[in-house]
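Kindly generate the complete structure, drawing on both the sequences and the hints.
When we follow our numbering, the leftmost residue of the sequence shown carries the number 81, and every step to the right adds one.
In case anyone wonders, no lab produced these hints; they're calculated from the structure.
Here are the computed lysine-lysine pairs in the BS3-like style, where the Cα-Cα straight-line distance is at most 30 Å:
(1) K225 x K236
(2) K225 x K245
(3) K111 x K101
(4) K157 x K280
(5) K212 x K245
(6) K236 x K212
(7) K280 x K143
(8) K143 x K157
(9) K272 x K157
(10) K212 x K225
(11) K143 x K283
(12) K272 x K236
(13) K95 x K111
(14) K272 x K143
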Amino acid sequence: MENVTMTPEELEEFKAFQAEKAKRAEEERRKRARLDYAAMVDEEVRLAIPQLEELSEQMRTVKGTVYGNFDTILRIKAEELKMTRDNQRSHTFTTSDGLMRLTLGVNTVDGYRDTAEDGIAMVRGYIESLAKDENSRALVSAVLKLLSRDGQGNLKASRVLQLRKMADETGDPRFIEGVRIIEEAYIPSTTKQYIRAERKDEKGRWRIIPLSVTDCE
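Set out below in structure tokens:
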């Protein structure tokens, strides 16, 4: 094998050539890897989506069937208990042996008419008038938090209920009137129907049956 003698300049050029060649090879490898990755993603997504569509359709069908089967039961319940079905947002049914229970309901979003602002102003005015010293100011601050709004800009109905209890305890007409105005302005909107299924385990504890992909583990 013949030895090749290179000048320093030629050696540097050769090293640069080798480095460039290695760089191009690495770029080509990474390009192929990206193409392989994209192909794998395409294949798995195309396999998963039809399966999930089928699962979604099955869940929709079962949900409709369950609600349809309970329609008569809900009607009898309303008639026997003299209740308006629209006033009760959830219904829970438990088997006689106490091992299984099912809850049917609708999710609601709290909402209020503009007149709620008048009630809020009355309540706020009364509460702030109580701030006489450091201790009472801390209490007032805590109470005013009940009038804070959620991410959608609405009051929470549960907090208004707390205000109602406090107003009744004080007996103050302005406080009570303010809360009443807020309550009368309440206009909740329903979103989606839901089903909650549970079964007792061997230790007598209720276990939720996962009905969404997220809940299944």
